[in-house]
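Trainee: Now for the letters of each chain:
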Amino acid sequence: MTPLPPIRILSPTAILGYGFPESSFAAGLKMNPDVIAVDAGSTDPGPYYLGAGISFTTRPAVKRDLKLMLAAGRERNIPVLIGSAGGAGARQHLDWCVDIIHEIATEDGLAGKLAVIPTDIGKDSVRAALGGSNGNDNGNGNGAIRPMPAGPPLAEEAVIASTNIVAQIGEAPLISALADGADVVIAGRCYDPAVFAALPIMRGYPVGLSLHMGKILECAAIAAVPGSGADCMFATLDETGFTVETLSDDRICTVTSVAAHTLYEKSDPYRLPGPGGTLDLANTAFEQLDDRRVRVTGTIFDPSPCHMIKLEGARRTGYRTVSIAGVRAPDFIAGLDDILDGARATVTGQFPQIMQDTATLLFRAYGRDGVMGSLEPERHQLPHEIGLIIEAVAPTQDLADAICAFARSTLLHFGYEGRKSTAGNLAFPYSPSDFKAGEVYEFSVYHLMRIDDPVAVFPAEMMPLGGRP
Amino acid sequence: MTCLADVTSVIRSKNAGPYELTLDIIFTEKFWFDEALRCDLINRAVIAGLYGVDESDVLSIVGFAPANAIKATLRRPLASGAVGETDVYGAQQHAPLLKLTFGNE
Chain U
1 MTPLPPIRIL SPTAILGYGF PESSFAAGLK MNPDVIAVDA GSTDPGPYYL GAGISFTTRP
61 AVKRDLKLML AAGRERNIPV LIGSAGGAGA RQHLDWCVDI IHEIATEDGL AGKLAVIPTD
121 IGKDSVRAAL GGSNGNDNGN GNGAIRPMPA GPPLAEEAVI ASTNIVAQIG EAPLISALAD
181 GADVVIAGRC YDPAVFAALP IMRGYPVGLS LHMGKILECA AIAAVPGSGA DCMFATLDET
241 GFTVETLSDD RICTVTSVAA HTLYEKSDPY RLPGPGGTLD LANTAFEQLD DRRVRVTGTI
301 FDPSPCHMIK LEGARRTGYR TVSIAGVRAP DFIAGLDDIL DGARATVTGQ FPQIMQDTAT
361 LLFRAYGRDG VMGSLEPERH QLPHEIGLII EAVAPTQDLA DAICAFARST LLHFGYEGRK
421 STAGNLAFPY SPSDFKAGEV YEFSVYHLMR IDDPVAVFPA EMMPLGGRP
Chain S
1 MTCLADVTSV IRSKNAGPYE LTLDIIFTEK FWFDEALRCD LINRAVIAGL YGVDESDVLS
61 IVGFAPANAI KATLRRPLAS GAVGETDVYG AQQHAPLLKL TFGNE
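Which chain is which? The protein sequence lines are U and S, in order. Oh and the first sequence: position 448 is 448 in our numbering, straight run, nothing missing. Oh and the second sequence: position 102 is 102 in our numbering, straight run, nothing missing.
Please note that the accuracy of each hint is not assured.
Claimed, not checked - Derived SDA-like pairs: lysine to any residue, alpha-carbon spacing no greater than 20 Å straight-line:
1) S/Lys99 / U/Glu378
2) S/Lys30 / U/Val255
3) U/Lys67 / U/Gly109
What the hints assert, rightly or not - Residues from chain S that keep clear of chain U, each with C-beta distances beyond 10 Å, as calculated:
4) Thr2
5) Asp40
6) Glu55
No lab work stands behind these hints: they were computed from the structure. Don't be surprised by glycine CBs; every beta carbon is placed ideally from N, CA and C.
Work out the full structure, taking the sequences as your base and the hints as a guide.
Mentor: Structure, rendered in structure tokens:
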């Protein structure tokens, strides 16, 4: 068999909408990429975006990045792949991003085939998997639904209460869309490396190397020094390894920067689990080729006996209102815990039923333990100033407003032992002092689910760029 | 006395999914990585002590030679984004590590 020629992959930015310099992108195009791919999402920004169906990136920023990528892809007739559309990758996020693609195609006269791959999972499918004879395995490791390390088992009520549940798909549905002739592929929630690895795997390059390359490219220049989430990276893959390099004179790839990225956001750098199997880095070697390029070899893919995909779901838990205030009085700071307990007792006395059953009142003391909470080792060191956030979460916005406002007024005039500053305890930087933060979500589903056919479950919707035929 | 902050290029924390917090310590050179392993600078008891948690909440400690790095993973006290949680990305939980020192020489 003749060896495969090197395949070249351009990653413009860490997250679609985070931006990239046009000069770096142009330098990448000069190197004749075979594919342009971008990861658009993450669960990092928390459960709100998935639950509410809203993107954590903005429309103008996403349109700016996509416009350059789509123009380059169509001009060169190379595929453009976008994973985790709209950040969280649910149907609303996908539709939002597809609409931007159609708008660009119409404005710029781009033609071609667009494959749209939704990755939402119906609650009935998850409940059916849970309700089977070996549904929720509760830790035995063989169930159709399995918890993640440190995560809870899945409860059926959590599934029912979720507003969105998505599956993190692997490269298989993307390859199927490319094989059907798609010029642009956009998918809901994707395993981050999949969009970079799909074309190489389709063309027969080793799965382990393709995915490891994708793992580094998905955060673009974050794996360079100095790191940046808003600059391009380029990889060249062959059958024995891949080389990564930056596209700007401002930064370089080093063995440490590239190897360190393998650690990023993972608990075990030697075993990186993903859809359908695990990346095995036990024999991976990183080599500095010259002053800006690093070559990686030895990574293999260890397929699992059954295809497991990760589910992500979020549910609404209430509404939030916050009030922000500063405290400078040393006696108030010294007695803070007692004062906050006293204020809480007053609020509970005023709204006993709500406080007992449904509302949560929180005080966050920045300058003491606002950042680390229970993990803070230096909580005892009293600062000269504290930033206080008074926060209420309740079943309705009106109730959250009421609890927060009452706690705020109570604390403002709270009389404590030895108080000298009798005109008021809090410095408010704003009027109004209280802010409606809206809906509150939490992760309800973050579990593995077994599926039989990773392609059939996630069929692509094919359409012309610019709109439905 | 050699301070961990002086012999590392990176000390960071980040979520590894919503339930885990992972700490990365990347040494400036192999010597200090090896030295940290030799004297068992980072172990479950040390991490549990720095963060005031039970040793059972320190889920793993792994050395990664290609990056001269040691990684420790903790169970998050609250899932990312849960009501009352303080750091959605988990990106500012690294500071206690900065005070670690090699021995008492």
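Trainee: Confirm or reject each hint.
Mentor: Consistency of the hints with the structure:
Proposed proximity of S/Lys99 and U/Glu378 is supported: the alpha carbons are some 12 Å apart, at most 20 Å. For the proposed pair S/Lys30 and U/Val255, the alpha carbon gap of about 12 Å is at most 20 Å, so the pair holds. Taken as a hint, the U/Lys67 and U/Gly109 pair is honoured in the structure, with Cα atoms around 11 Å apart against an allowance of 20 Å. No Cβ of chain U comes within 10 Å of the Cβ of S/Thr2; the nearest lies about 20 Å off, and the non-interface call holds.
The claim that S/Asp40 is not at the interface with chain U holds, since no C-beta of that chain comes within 10 Å of its own (minimum 19 Å). No beta-carbon of chain U is positioned within 10 Å of the beta-carbon of S/Glu55; the least distance is around 15 Å.
In summary, this structure violates none of the numbered hints.
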